[in-house]
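Asker: With chain X held as given, fit chain B onto it using these hints.
These protein sequence lines map, in sequence, to chains X and B. Heads up: the first sequence begins at 595 in the working numbering, then just goes up one per residue. Heads up: the second sequence begins at 24 in the working numbering, then just goes up one per residue.
Note that these hints are calculated values from the structure, not bench results. Ideal Cβ placement from N, Cα and C applies to all residues, glycine included. It is possible that part of the hints are untrue.
What the hints assert, rightly or not - Per label pair, the in silico range of CB-to-CB distance:
#1 B:153 x X:890: 24 to 30 Å
#2 B:153 x X:917: 43 to 49 Å
#3 X:1091 x B:259: 36 to 42 Å
#4 B:239 x X:1091: 50 to 56 Å
What the hints assert, rightly or not - Below, a sample of chain X positions facing chain B; criterion: calculated Cβ distance under 7 Å:
#5 865
#6 866
#7 869
#8 877
#9 880
#10 961
#11 962
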Amino acid sequence: MINRSEIGGIPVLHTPTTGPLHAGLVFRVGQVDEPLARRGVTHLIEHLALHSFGAADHHYNAATGAEFTWFHMRGTEAEVVAFLNGVCAALRNLPEQRLAAEKEILRTEGNSRDTGPGEALALWRHGAESYGSVAYPEWGLADLTIDDLRSWTARYFNRQNAALWIAGAGVPAGLDLDLPDGDRQPVPPVSSALPVRPAWFPGGADLVAWDTVVPRGAPALVFAGVLERVLFRSLRQEGGLSYTVRADVSARADGTAVITALADSLPEKQGAVLGAFVDVLAAMRLGVIDEADVAAVVKNRADEITGAGSLPGEVFNLLTGQRVRTTAEEIQAELRAVGRDDVVAVAAVAVAEGLLMTPGRTRADWAGYAEAPAGSDAAVDGRVHAALGYRPDGATLTVAADGVTLTRGDDLATVRFDSCAAVLAWPDGARRLIGHDGIQVHAEPTLFADGPAVTAAIDTAVDPGARVTMPAREPESIPVPQRRPGLLTRVRWAYIRNRRLTWAVLNGLGAVALGVFGCYAIGSVLFGDETWNVLGGGFFAVLISAAWLGSVRRRFRELMRD
Amino acid sequence: MLPPMLLDPAAAYPKVAVLRAALDSGDWPACRETLDGAEPVERTCLTTVAAETEGITDFLRGVLSGDPSDGAAGALLGRHLAGSGDFTAAERVLVDAAARSPLDPAIWTVRLRTARGLRLGPSEARRRYDRLAEIDRHHVPGQSQYLRYLGGHDPDAAYDFARTAAAEATPGSLSPVLVAEYHIDRHIAAGHLDDATVHTELDEAADRSVHHPDYRHTHGWVRVTSTFAMAYALIGDDRAAAGLFGALGDHHSAQPWDLLGDPATVISRYRKRATGGEQ
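Isolated chain X, as found in the complex (with noise of 0.2 Å):
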């Protein structure tokens, strides 16, 4: 059961329970809100909010995610009051000589962290804004004032975005979360870097992970329970190709549910892993689903519902204009309306909307996956900036008004102006440029010709508030220009490829040279006047040619099998 009250015009949703009183303060703001260039905003302002809250024997914490954080702790009402109460004080008030310090630990932080599976599909799939930004390094801790700071906790961190859950005995008296007036800020749109779908990009060797986006509400629950049961059936327990099969579903402040699902590989089972998950989801979209899967979901999820379970969740909706639910009842009742029906419909949706990640080279287009875009379509019209140096793919970068263009053989990469999310600028005159669309330029001047002219008329054309200073690189870090390599070392390369080619070609050459010998030594007989003898060498030439060209035959017949 969950109480709804207000504390200073802020929402609170309470449950009652025993036990200690546990507490979080919830803002509709993270990583979806930051642009590129200011990565980190959130988490930044997060750690110097708890940062007065040195000790270490309280049980708090704080979270920055993609649409929410959080501070929350479980103690004694006093401790609870004192803890919140502290956090919107430092949010009034941000340390600012703690700025530094706090810059330093994220940076340690995102050094040591581990980019999953979801990051790389969310970028696929949402280029570098909106959900893509996740997958982004906290790239604007560098650039990042305490007037900066600010003006976000200003938008933010008020008193209109903000809602409390409160799990425990009662709400605590004391608590006065005295925070500055401002608006409730909604979730940017939702970007999209994946022009067609169901769609497939090239991931890690030892995985397959898919994603999908569908209306939010128990059938999107219930379906991603049984993706996992079917998957787990087929790839652990009848195939034994994967040891991690799993599937979770995440809600979204638009009304759309995320659905992610992953299985591991052994490097040489990748192919059977995507094999089977390709058929898996097959089955899901043609509503190849088992009545009994369907029951066993909703009875385990209906289980899993508890009293506070999902009071931090329905704060979420809160935030966000979604229906709150406020028993446990209601939310069992909804999952044991669904039938399988339901989940035939969402499994529809969910697969047409699919991006799939493919471990190592395998691909997916054999099994209607189009394949997510990589590079640009067009380039852009302006200078043209040759490579310095051996570049055996003819690099070339472009540079116009409105953006540029790296060109590698028929690869292109384009990035507007207009459309870059950020530009990462190394005082040594590299830029990296990243548009909108998760497409990168990087521009190292001293591979190009005029390589400064690049730098500067990218300096001009990029809006200021999109670059990010990079720290400066070791000076043997910076590329030099490769110098060509001499004849024989290329004449060794060309063989190294093509080894077999190159023997079955020699092979065919002396094969002939021999063929053509024994032709003339009987030639020469015939119609010369050279001896017998000659003959019978001519044709024993001729025939071990004859054979010699057979052998050669057949190794060219097993080089295109392969």
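Answerer: Then chain B, alone, in the frame of chain X:
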């Protein structure tokens, strides 16, 4: 005067002609009647008829859109599209067919063909074969497809697969032909048949198959007998080849003789050599 040569499988298996006629006239109930009444191996072999029949794509697509769960239509359409070299289109059909009819051996057999055509990796081909083997451990048309896949990737694995499948097969069945297929394949690729072990292995396989008292003329027997005859002919065992040519009578199979050129010409040449021109 040599006897006539019956290369058309319809000569040995009347159902082939029935299915062909039903496909040509667009009579789906008749197609189903033929396929549904067939033994599993016979049914899978019959789907190859669709690979050689032209202009049936629309007909089969129409059948599938009427009843998407018709596994027989999925297998035939997949086989037909694969036969015309469009493996991507074939696989699209087969992914759905396998999802709806996961226990149809004909579908998994064609999916082994598309795995080769689409150059999917060995673990995926293995998975497909395992799915087939769960349904039927000795499904010779599927075993044959998987052997050809392995032959192109890993001759050692192909050799092991052929020997194991032959050893595990029921005596007098068709599966030991995989050993002959393997050796013919290696002969075409690398010319290694002149070898005493090859001869011994062929004899062992033939003893468990064409030379076994329980060997019956079930669907596929012509191709199996013909394959053994070709293997013996290629290693120069004319006596054994002649015996098998005798057992075949007028029946012959174009495969695998077509590996050596026009089947009719090649077969009559080798038959003449083996039988000393008596036939």
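Asker: Against the earlier hints, flag every one the structure doesn't satisfy and list their numbers going up.
Answerer: Failing hints: none at all.
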